[in-house]
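K.L.:
Chain by chain, the residues run as shown.
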Amino acid sequence: MARFIVRRTIFLLATLFAVSVLAFVMPYFGEGDPARMILRARMGGELALDPAVVEAVRRQFGLDQPIPIQYLRWLEAAVTGDFGQSFTNRQPVGGIVLRALGVSFLLALAALVLATIIAVPLGILAALRSGGRRDSVIVTLTQGLVALPEYWLAPLGMLVFALWLGWLPAAGWTSPISVILPASVLCLRPLAYLLGVTRASMITVLESPYITAARSRGLSQFLTLRRHGLKNAMVPVMTLFSIWLAGTLGGSVVIEVIFNIPGLGRVMYEAVVNADMPVVQAGVLATVGLAIVINTLTDIGYAALNPAILVGESNG
Amino acid sequence: MSLSGSPADRASVPPVATSATSPIAALDAAPAREPLIEIRNLRVQLPTRDGLVSAIDGIDLTIGRGEIVALVGESGSGKSMTALSIARLLPPAAKVVSGTILLDGVDLLKLTDREMDRVRGSRIAMLFQQPKATLDPTSRVGEQVGETLRFQRHVGRRQAWARSVELLADVGIPEADRRARAYAHQLSGGMAQRVMTAAAISGEPELLIADEPTTALDVTVQAQILRLLTTKVRDHGLSMLLITHDLGIVSTIADRVVVLYAGKVVEDGPTARIINEPNHPYTEALMRSSLLIPLADGRLYAIPGGTPPPGEELVGCRFRARCHYADELGIADRCAAVEPGLHACESDAHHCRCWAVEDGLIQVQPASAGSLP
Ligand SMILES: Nc1ncnc2c1ncn2[C@@H]1O[C@H](COP(=O)(O)OP(=O)(O)OP(=O)(O)O)[C@@H](O)[C@H]1O
Ligand code: SF4
Ligand SMILES: [Mg+2]
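For the record, the sequence lines run as chains Z and B.
Under this note's numbering, read the first sequence as residues 19 to 334, first letter to last.
Under this note's numbering, read the second sequence as residues -3 to 369, first letter to last.
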């Protein structure tokens, strides 16, 4: 197990390095001259730029150096947490991205935990009598949830719970209860998928020979489920959870914009619109990097759940 | 030959109407063992695309105390379904539509789920074909072996673990205390089947149902596991229902053999009789196909044709399409029209479901006698 973790960590670091290169280089593939982009971002307009000013900016930001040198400088600073300044408001990018990431992470986690708490028991209930009426009601309802778009549900939620009932704040990110409404909207789609995966995985597990064997040893259906069903059925559920978490981190743009939440989705959206390169670079690195970290932790989690996964590793 | 009387009636009327116990058990001339399991007219249906299909179509089967009964028949004949019916572990889609399964006179099919939970493990235990797949990959094998004790006998976790280690040592697992901590993937198939055996006998059951317990194992390991099973069964005075395709195994350890064909019992009787003097044309073909003695042209004998496809409307004898006797004896019309009943053969402990045998048209030659192990 220790060896497994070490190997995964080395692989993680290598991947992070590759991602940092991509994150750095990516904005250069976009339109044109970074120096002009900086000036445009600062002035917020399409002015006719004085070539002398452009040249000055180029030197000031080290943009006259070859890209590999620029990358190394950026990386050197980045490992100390310094991602430069935002082109638009001159604040340290590290702080901007970290704050935004924290907000998005919290929102995503809240939504996913909520989704899981609801989806797993329902999925199990559906699986226990698959094909029955209870199953079809649960499945139909959740399929309906997937069909509802967030940009439609979010305003509806605001209307009902904030404006009519007055139970929850309509928008903003000020108190802990601010998270409830956006998380509820954000949780519906993962809920539907998590339920589907729980149900499918539990149906497969329940048909496994080890379940019949456990019953043949005299375990009740409940005990069999608790001792042998859950752990085995949860592996794909864990995968989906982490994929979804990784995927939602950088990006609940719709929700963050509608609910006016200062998360990474909104920050990245604005950075791209304003061509604020350092923010885009740091944002991409943070989003993708965190996704990879989550994936690695998931892999290690699997190995802890199901030791058979380590088999291929032990002789390598 | 006599074609008088209604054969269908004869099939359903018990041959000895006065018997208090089952008609078949009453016929046993051998010192009748006290029956542990008595299955009567069991019928199990499964939904398929073509509607409901009878996987088991009215089976009668008795297992005496301390008796080893082998259940044989081609793939799909309903052997596993019979085994799972007894333990009431049929897949949810399968429905028992009629019949009784008496354990010591109590109908298992009438027990509540909770009562049935207490029968499994403590009175009826099972072994399966894929020993590694029958162990939960995420749980230590010692935990699984101790489950019957913990959850039926309410033994504490520590004690159950200690007892698991003893049981594992008892089924011939070296370094049992270390092995108890292993997971299924760390065991060979043979070891896994030993583990399953330890778990099966942990609750001191009366009946062990073993559904092809050695089929998936290496030949050398098969013999070891079989020896282990017979030892345990004899030592503990267990009854065993052994499902197997291996007639060598049958002839070595079974007291009686029950032959299934397409969801029905076509012949049952003492092992020596079934193996050496099979009466039913299907049993005879089954014995011949498993002899591995090449025919004149060098090929091995295989029963021509296949079992009737599930869902097909079955009229008359199910073996008719593959039976050469029916044509040779000129009784094909009758075979195709009316299903023969299970009737007693010369020996009272021996039953057969065939018109030709019932009417004495087939001369049973002990031709294959001596050619089997
Ligand atoms: N899960 C299932 N769903 C539908 N039909 C099934 C299922 N399992 C078995 N059957 C059908 O039930 C009948 C009896 O199957 P069973 O498994 O009892 O046969 P078997 O004698 O054990 O065969 P084998 O030697 O291959 O193990 C077969 O016709 C089979 O097609
Ligand atoms: S009843 Fe007829 S078809 Fe069936 S096995 Fe006997 S002889 Fe063959
Ligand atoms: Mg089978």
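Hints listed in this document are in silico derivations from the structure and should not be mistaken for laboratory results.
Incorrect hints may have been included.
Some chain B residues flagged as far from chain Z (calculated, every beta-carbon gap over 10 angstroms) [to be verified]: (1) T44; (2) G62; (3) P88; (4) A89; (5) L107; (6) M122; (7) T130; (8) D132; (9) T134; (10) Q140; (11) V151; (12) M192; (13) A195; (14) V217; (15) G312; (16) S343.
Here are the in silico distance ranges between beta carbons for each label pair [claimed, not checked]: (17) B:H150 / Z:V97: 25 to 35 angstroms; (18) B:D173 / Z:R21: 56 to 66 angstroms; (19) Z:I318 / B:L48: 31 to 41 angstroms; (20) Z:G307 / B:V215: 50 to 60 angstroms; (21) B:D329 / Z:L159: 43 to 53 angstroms; (22) Z:L183 / B:H150: 28 to 38 angstroms; (23) B:A89 / Z:A322: 30 to 40 angstroms.
Ideal Cβ placement from N, Cα and C applies to all residues, glycine included.
K.L.:
Next step is simple, just say for each hint if it's right about the structure.
P.N.:
The hints, checked one at a time:
1. Distance check on T44 of chain B: its Cβ is at least 14 angstroms (rounded) from any Cβ of chain Z, clearing the 10 angstroms threshold; non-interface status holds.
2. The Cβ of G62 of chain B sits about 21 angstroms from the closest Cβ of chain Z, beyond the 10 angstroms cut-off, so the non-interface label holds.
3. Taking the minimum C-beta to C-beta distance to chain Z, about 8 angstroms, the non-interface status of P88 of chain B is violated against the 10 angstroms cut.
4. The Cβ of A89 of chain B sits about 8 angstroms from the closest Cβ of chain Z, inside the 10 angstroms cut-off, so the non-interface label is violated.
5. Every beta carbon of chain Z lies more than 10 angstroms from that of L107 of chain B, the smallest distance being close to 13 angstroms; the non-interface claim holds.
6. With 10 angstroms as the threshold on Cβ separation, the claim that M122 of chain B sits away from chain Z is violated: the shortest Cβ distance comes to roughly 4 angstroms.
7. Distance to chain Z contradicts T130 of chain B as a non-interface residue, since its nearest Cβ pair spans about 4 angstroms, not more than 10 angstroms.
8. Against chain Z, the non-interface label of D132 of chain B is violated: not every CB pair exceeds 10 angstroms, the least being about 4 angstroms.
9. Its closest Cβ contact with chain Z, about 5 angstroms, brings T134 of chain B to no more than 10 angstroms, contrary to its assignment away from the interface.
10. The Cβ of Q140 of chain B sits about 7 angstroms from the closest Cβ of chain Z, inside the 10 angstroms cut-off, so the non-interface label is violated.
11. Against the 10 angstroms criterion, V151 of chain B stays outside the reach of chain Z, whose nearest CB is about 13 angstroms from its own CB.
12. Against the 10 angstroms criterion, M192 of chain B falls within the reach of chain Z, whose nearest CB is about 7 angstroms from its own CB.
13. For A195 of chain B, the requirement that its beta carbon stay farther than 10 angstroms from each beta carbon of chain Z is not met, with the minimum near 6 angstroms.
14. The claim that V217 of chain B lies off the interface holds: its Cβ sits roughly 19 angstroms from the closest Cβ of chain Z, which is beyond the 10 angstroms cut-off.
15. For G312 of chain B, the requirement that its beta carbon stay farther than 10 angstroms from each beta carbon of chain Z is met, with the minimum near 35 angstroms.
16. Residue-level check passed: S343 of chain B sits 35 angstroms from the nearest beta carbon of chain Z, beyond 10 angstroms.
17. Here the CB-CB span from H150 of chain B to V97 of chain Z is close to 59 angstroms, at odds with the stated 25 to 35 angstroms.
18. Checking the proposed 56 to 66 angstroms range against D173 of chain B and R21 of chain Z shows it is violated: the Cβ atoms sit about 25 angstroms from each other.
19. The beta-carbon spacing between I318 of chain Z and L48 of chain B, approximately 49 angstroms, falls outside the hinted interval of 31 to 41 angstroms.
20. Remark: the range hint 50 to 60 angstroms for G307 of chain Z to V215 of chain B is upheld by a beta-carbon distance near 54 angstroms.
21. In this structure, D329 of chain B and L159 of chain Z break the distance hint of 43 to 53 angstroms, their C-beta atoms being roughly 59 angstroms apart.
22. In this structure the supplied range 28 to 38 angstroms is violated for L183 of chain Z paired with H150 of chain B, their Cβ-Cβ distance being about 51 angstroms.
23. Separation of A89 of chain B from A322 of chain Z is about 35 angstroms and conforms to the stated range, judged on CB atoms against 30 to 40 angstroms.
The structure does not agree with the numbered hints 3, 4, 6, 7, 8, 9, 10, 12, 13, 17, 18, 19, 21 and 22 stated previously, though it agrees with the rest.
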